[in-house]
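Protein chains: 2
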Amino acid sequence: MDHGKTDRRVTRTRHLLREALMSLMREQRYDSITVQNILDRADIGRSTFYSHYRDKEELLISGLDDIIHSLILTLENPGVQPDQHKLLSTEPLFKHAQDEFQLHKAIMGGHGINLMVQKIQKHLGRHIEDELRSWLKEDEAPAIPIPLMGHYVASVVLSLLRWWFDNNKPHSPAQMDAIFQQLVMPGILESMRPKG
Amino acid sequence: MDHGKTDRRVTRTRHLLREALMSLMREQRYDSITVQNILDRADIGRSTFYSHYRDKEELLISGLDDIIHSLILTLENPGVQPDQHKLLSTEPLFKHAQDEFQLHKAIMGGHGINLMVQKIQKHLGRHIEDELRSWLKEDEAPAIPIPLMGHYVASVVLSLLRWWFDNNKPHSPAQMDAIFQQLVMPGILESMRPKG
DNA sequence: TCAATACTGAACACTGTGTTCGGAAATATT
DNA sequence: AATATTTCCGAACACAGTGTTCAGTATTGA
Numbered sequence: 000m001d002h003g004k005t006d007r008r009v010t011r012t013r014h015l016l017r018e019a020l021m022s023l024m025r026e027q028r029y030d031s032i033t034v035q036n037i038l039d040r041a042d043i044g045r046s047t048f049y050s051h052y053r054d055k056e057e058l059l060i061s062g063l064d065d066i067i068h069s070l071i072l073t074l075e076n077p078g079v080q081p082d083q084h085k086l087l088s089t090e091p092l093f094k095h096a097q098d099e100f101q102l103h104k105a106i107m108g109g110h111g112i113n114l115m116v117q118k119i120q121k122h123l124g125r126h127i128e129d130e131l132r133s134w135l136k137e138d139e140a141p142a143i144p145i146p147l148m149g150h151y152v153a154s155v156v157l158s159l160l161r162w163w164f165d166n167n168k169p170h171s172p173a174q175m176d177a178i179f180q181q182l183v184m185p186g187i188l189e190s191m192r193p194k195g
Numbered sequence: 000m001d002h003g004k005t006d007r008r009v010t011r012t013r014h015l016l017r018e019a020l021m022s023l024m025r026e027q028r029y030d031s032i033t034v035q036n037i038l039d040r041a042d043i044g045r046s047t048f049y050s051h052y053r054d055k056e057e058l059l060i061s062g063l064d065d066i067i068h069s070l071i072l073t074l075e076n077p078g079v080q081p082d083q084h085k086l087l088s089t090e091p092l093f094k095h096a097q098d099e100f101q102l103h104k105a106i107m108g109g110h111g112i113n114l115m116v117q118k119i120q121k122h123l124g125r126h127i128e129d130e131l132r133s134w135l136k137e138d139e140a141p142a143i144p145i146p147l148m149g150h151y152v153a154s155v156v157l158s159l160l161r162w163w164f165d166n167n168k169p170h171s172p173a174q175m176d177a178i179f180q181q182l183v184m185p186g187i188l189e190s191m192r193p194k195g
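These protein sequence lines are chains X and C, in that order. The first sequence runs 0 to 195 under numbering that gives the first Met the number 0. The second sequence runs 0 to 195 under numbering that gives the first Met the number 0.
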């Protein structure tokens, strides 16, 4: 009935591989990591690897999709009621990044990791677009294209996150969110007024 | 006396290699370009390549440093008098990008090209920091760290540039600069007031 | 116990890297 | 023009990493 054990086994192997890659990414840049490195650390055979993943990049993506998903959820459901003066709360993101420091560092640090950043940026951008659109009354059109604003906000979030890491987290998540709001909201509010 | 010919010859070879790389980057991502590809396109021998550059990345950087330099100059000397309501004019940048479209596309498009973006961002960030500091009266301290603001502004500039490319340049350079000002300046001005 | 499924690891072909070196070609010097 | 110097050429080589194959082993489920 519950043939979960077989599946768990498969999952376990994949899990080991992901963990090995993540672990290695904390020590060296993604580009310089070898499939053999991963194999050694995970203690997994070569052919086993290739029976699960087409190549290194597929492994990377598979591991990162989970993280992205949880990040997106974190941002989209901040557990706070909507606020006309707050586009989105980035505090949960910074908090998440603080808790899972190593992981985020691995993500932000690497070179071939930009897929990741692009992906987050895309999701986040879309989410922000929706949020912005909901602010508009019908037949209103903002001075700046909504998709551009989404792109803008998403890139700022990630840019602040990167700065925060590169400078060893000199502020608390709440402070970082406050900075974000302070930098971004005035321009957004200004631009959302149809005839400024 | 004028032994320029020898130097020109060397320069010519290097130039051919750079051009070949740039040309290839317009067609495929940097990562997938082979040294042999470059050699073939430049019609240069293998050992000659390695007598000039340590590896592919060094060639990339050598070619890009020039571009970065000219971009930085463009931004730092916009030929416009300083303006208390304008942190920097990005119009020259967008204009430059329009004129040298292929090149910029190659720069923004690639994968391993992030060195480039990082470099520009660093220079630009520093320049903006200086500009911001000049706005402050002595013993004033802004609510948000100056370096963070520099990082923020630089990342927005590059982010807008990228959006502009990805969406086939739907606006004029002047319009893009206007959008930049509109999004960024309110938050900056707000944050520069020492006690808001 | 038997069959199915998942893992192993050695061997292999292949692609790309960076080095070496004898000789050719271009350039500079006299 | 003859010679010396510098630069370039390209084949050959050793090396590292990729992805595949396959016969054999270990695990699991009935």
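Keep in mind that the hints were calculated from the coordinates and are not lab data. Any given hint could be a false lead.
A pair counts as met if it fits within one copy or between any two copies, since identical chains are not told apart.
Stated by the list, open to error - Below are the DSS-like pairs computed for lysine-lysine, each with C-alpha atoms no more than 27 Å apart in a straight line:
| no. | residue 1 | residue 2 |
| --- | --- | --- |
| 1 | Lys-168 | Lys-55 |
| 2 | Lys-136 | Lys-94 |
| 3 | Lys-85 | Lys-168 |
| 4 | Lys-55 | Lys-94 |
| 5 | Lys-136 | Lys-104 |
| 6 | Lys-121 | Lys-168 |
| 7 | Lys-136 | Lys-55 |
| 8 | Lys-121 | Lys-104 |
| 9 | Lys-85 | Lys-136 |
| 10 | Lys-55 | Lys-85 |
| 11 | Lys-121 | Lys-136 |
| 12 | Lys-168 | Lys-118 |
| 13 | Lys-118 | Lys-136 |
| 14 | Lys-104 | Lys-168 |
| 15 | Lys-85 | Lys-118 |
| 16 | Lys-118 | Lys-104 |
| 17 | Lys-121 | Lys-85 |
Report the numbers of all earlier hints that the structure fails to satisfy, in ascending order. The structure conflicts with hints 1, 2, 4, 5, 7, 10, 13, although it agrees with all the remaining ones.
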